[in-house]
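Chemist: Here is how the chains run, residue by residue.
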Amino acid sequence: MHKLYLKIGVIFIIAVFMSGCAVNRATATLDPTADLAGIKSIYVTKLAADGRGINLLITKKLTDMGYQASTGISVDIPQNANVVVTYEDRWMWDITMYMLELTVTIREPKTEFPLASGNSFHTSLTRKSPEEMVDEVINNIFSKGKRNE
Amino acid sequence: MNNNKLFAFITVLICISSGLIGCSSPASKDGIVAHDILNIKHHPNTVLVKAQGGSETGAMDSSNISNKDFAQAIEESIIESKLFTRVIHGEGSDYLLNVTIVSMSKPMFGASFTVSMEAAWSLSDAASKEAVLRKSIKSSHTVTMGQALIGTTRLRLAVEGAARKNIQLGLEAISELQLK
Numbered sequence: 001m002h003k004l005y006l007k008i009g010v011i012f013i014i015a016v017f018m019s020g021c022a023v024n025r026a027t028a029t030l031d032p033t034a035d036l037a038g039i040k041s042i043y044v045t046k047l048a049a050d051g052r053g054i055n056l057l058i059t060k061k062l063t064d065m066g067y068q069a070s071t072g073i074s075v076d077i078p079q080n081a082n083v084v085v086t087y088e089d090r091w092m093w094d095i096t097m098y099m100l101e102l103t104v105t106i107r108e109p110k111t112e113f114p115l116a117s118g119n120s121f122h123t124s125l126t127r128k129s130p131e132e133m134v135d136e137v138i139n140n141i142f143s144k145g146k147r148n149e
Numbered sequence: 001m002n003n004n005k006l007f008a009f010i011t012v013l014i015c016i017s018s019g020l021i022g023c024s025s026p027a028s029k030d031g032i033v034a035h036d037i038l039n040i041k042h043h044p045n046t047v048l049v050k051a052q053g054g055s056e057t058g059a060m061d062s063s064n065i066s067n068k069d070f071a072q073a074i075e076e077s078i079i080e081s082k083l084f085t086r087v088i089h090g091e092g093s094d095y096l097l098n099v100t101i102v103s104m105s106k107p108m109f110g111a112s113f114t115v116s117m118e119a120a121w122s123l124s125d126a127a128s129k130e131a132v133l134r135k136s137i138k139s140s141h142t143v144t145m146g147q148a149l150i151g152t153t154r155l156r157l158a159v160e161g162a163a164r165k166n167i168q169l170g171l172e173a174i175s176e177l178q179l180k
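Line by line, the protein sequences are chains A and B. In terms of this note's numbering, the first sequence opens at residue 1 and continues consecutively. In terms of this note's numbering, the second sequence opens at residue 1 and continues consecutively.
Bear in mind the hints are in silico, worked out from the structure with no lab data behind them. Here the structure is a predicted model, which is why all the values come from computation and not from measurement. All C-beta atoms in this analysis are idealised placements derived from N, C-alpha and C, irrespective of residue type, glycine included. You may find that some hints are simply not true.
As the list claims (entries may be wrong) - Restricting the straight-line Cα-Cα distance to at most 25 angstroms, the calculated cross-link-like pairs of lysine-lysine (DSS-like) are:
1. K110/A with K129/B
2. K144/A with K5/B
3. K46/A with K138/B
4. K68/B with K144/A
5. K144/A with K129/B
6. K50/B with K3/A
7. K50/B with K146/A
8. K135/B with K144/A
9. K40/A with K129/B
10. K46/A with K5/B
11. K135/B with K110/A
12. K110/A with K138/B
13. K146/A with K135/B
14. K106/B with K46/A
15. K128/A with K61/A
16. K129/B with K146/A
17. K7/A with K129/B
Said to hold, decoys possible - Far from chain B by the CB rule (all over 10 angstroms, computed), these chain A residues:
18. L36
19. G38
20. N55
21. Q68
What the hints assert, rightly or not - Partner residues are not named here, just some residues of chain B that face chain A (Cβ under 10 angstroms, in silico):
22. T46
23. K68
24. Q72
25. L96
26. T100
27. I101
28. E118
29. A120
30. K129
31. E130
32. K135
Chain B with its partners taken away, still in its complex shape (with noise of 0.2 angstroms):
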């Protein structure tokens, strides 16, 4: 291999790698599921879901979370966790829960990244419009590099993580409310 065809090789390989570091996958939806929610109370009503100020992920963006993911994780671990009898899509249900990603600070760099994150939890009754629940939920997850080697692994499992608890919080937030 001659230098011109080892330049032209090098310069290929570079340009792929290159294109490859803004690339990023989304957030899943299985990564931002709340299990395990302990001493949670079970209403005796039903809730439609609603989530908002997602995003989509772009080929040169960071991890985001889609609503349509954040809002089907909202759903399976408020099944899993009980505390609703059942989720309704569409009309019909007692409870409106809409919730509103209002700020996701994420890291461009380093060996541990800690993504933060704000959330707007309200719920109100279906049929009066009366909200019974309004809270700014905040929450922030770390990932090491010790816990995934590769920066775009490493910030989609810290956005999972973030989300994942802020799920958490809004549940146990609504959870200790008394609902009609």
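Just chain A, same shape as in the assembly (with noise of 0.2 angstroms):
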């Protein structure tokens, strides 16, 4: 009776996780009455329970895109500062941690109105690296300012 035990366990647990299969997302939006094209100065806002350097790989991907870009916390924004960027990150276990969740939104520094937003989703079977993920979301953003300029 312990092996059947057992048995209907192990199956158990391989369902359970087998039940997260392969979801990927990635959208990108863009509010009608914002202008991506006369961005130069960007400033990446370290979200403070980030303590893998999301924020190092955003301000890099955007200083190889040709903008110029920093980053620190919320209250050193400089004052040239175009746009500011936000972020949020999800992670997950499956045997390692990988990121399942990257939302990145480019704000009106002052307002902080939301002018375009990206969002990545991979679950495990499809998961990306942090720096792909980040590839991903700021592409997909800016190609699509490119397609309503």
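Since each chain comes alone in its own frame, lean on the hints to assemble the complex.
Modeler: Have a look at this one:
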């Protein structure tokens, strides 16, 4: 009888983990009143709870794209920043930790109005590295901006 | 029933039930409509409503709001509150209202589910394209286990509640404007 319970337990655990399956989502939005074309200087606000340096990955990506990008805490926003970038990352564990979801928002510095945002969601079977997640989200946001020019 | 048959039977049951763990129902339009918005101004203008940032709810996904349902819920809330004289579909409106779901934080576990939501509300003059409102609106809603025992229902109700409050706050912000 013990073996029976053991078998049921193992199958249950496998089935529960299998139910996670693969969910992939990558979206970007741009407010119709927003214009990303004139952006030169970008400030990435570090999320207080971020211990993985996602702000640095975003800043590097923006710098590689040709923007003047810097990062720091929310009270140090430079006067010349055209926009501020905020982000939210969610992580899950499946054998190892992986980034489940990343949302990046481009905001007006004074009002914090969200001009554009992007979100990528990839579950374990189709997981991406944090660098790939940042690439995907930022590329989607700015290609959305270009399409609307 | 011998052990093998019992084992097969329980295995099938577990597979079916575990498959259902990931299943969830999408937020319904009717649950998002903001009713009874008090002290709202009635603008003598027409409006076109667009929603973005929402997503369909997949079989293995958590409860989401589709753009279509979100836009319809905003439209119905406008009609019910009489904030604008008419909601227009297509060309010819006085104003364009765009609402973007920027983020929606949903819990995965817990007895009480609190969903937090941020949406970008912008209202612009349809002719001049000039923005008359640009506002980030944040809302949240908590549903306890006492209100809904099943986790997926609890999450759906929390999502609907957060969206409903967001619509209410958005329409109240528009109500404060002096429109031409």
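Chemist: T46/B was flagged as interface toward chain A. Is the shortest Cβ-Cβ separation under 10 angstroms?
Modeler: For T46/B, the interface hint is violated, since the closest Cβ of chain A sits about 17 angstroms away, which is over 10 angstroms.
Chemist: Just to be careful, I want the Cα atoms of K50/B and K146/A compared with a cutoff of 25 angstroms; is the pair within it?
Modeler: Holds, at roughly 20 angstroms.
Chemist: For the pair supplied as a hint, K135/B and K110/A, is the alpha-carbon distance within the 25 angstroms limit?
Modeler: Roughly 12 angstroms between the alpha carbons, so the hint for K135/B and K110/A holds.
Chemist: Taking 10 angstroms as the limit, does the beta-carbon of K68/B come near enough to a beta-carbon in chain A?
Modeler: violated, 15 angstroms
Chemist: Next pair to validate is K128/A with K61/A; report whether the Cα-Cα distance is within 25 angstroms.
Modeler: Since the Cα atoms of K128/A and K61/A sit roughly 16 angstroms apart, the hinted pair holds (cutoff 25 angstroms).
Chemist: Does K3/A sit within 25 angstroms of K50/B, going by the straight-line distance between their CA atoms?
Modeler: violated, 58 angstroms
Chemist: The output says Q68/A does not contact chain B. Does that hold with a beta carbon cutoff of 10 angstroms?
Modeler: holds, 24 angstroms
Chemist: Minimum Cβ distance from L96/B to chain A below 10 angstroms?
Modeler: Because about 7 angstroms separates L96/B from the closest Cβ in chain A, which is inside the 10 angstroms limit, the hint holds.
Chemist: Does K129/B lie within 25 angstroms of K7/A when you go C-alpha to C-alpha?
Modeler: violated, 65 angstroms
Chemist: Within 25 angstroms, alpha carbon to alpha carbon, are K40/A and K129/B?
Modeler: holds, 24 angstroms
Chemist: With a cut-off of 10 angstroms on the beta carbons, see whether E118/B makes it to chain A.
Modeler: Nearest chain A Cβ about 7 angstroms off; hint holds.
Chemist: Taking the least C-beta to C-beta distance, is E130/B closer than 10 angstroms to chain A?
Modeler: This hint holds: E130/B lies near chain A, its Cβ roughly 9 angstroms from the closest one there, short of 10 angstroms.
Hint violations for this structure: numbers 2, 6, 10, 17, 22, 23, 24, all remaining hints satisfied.
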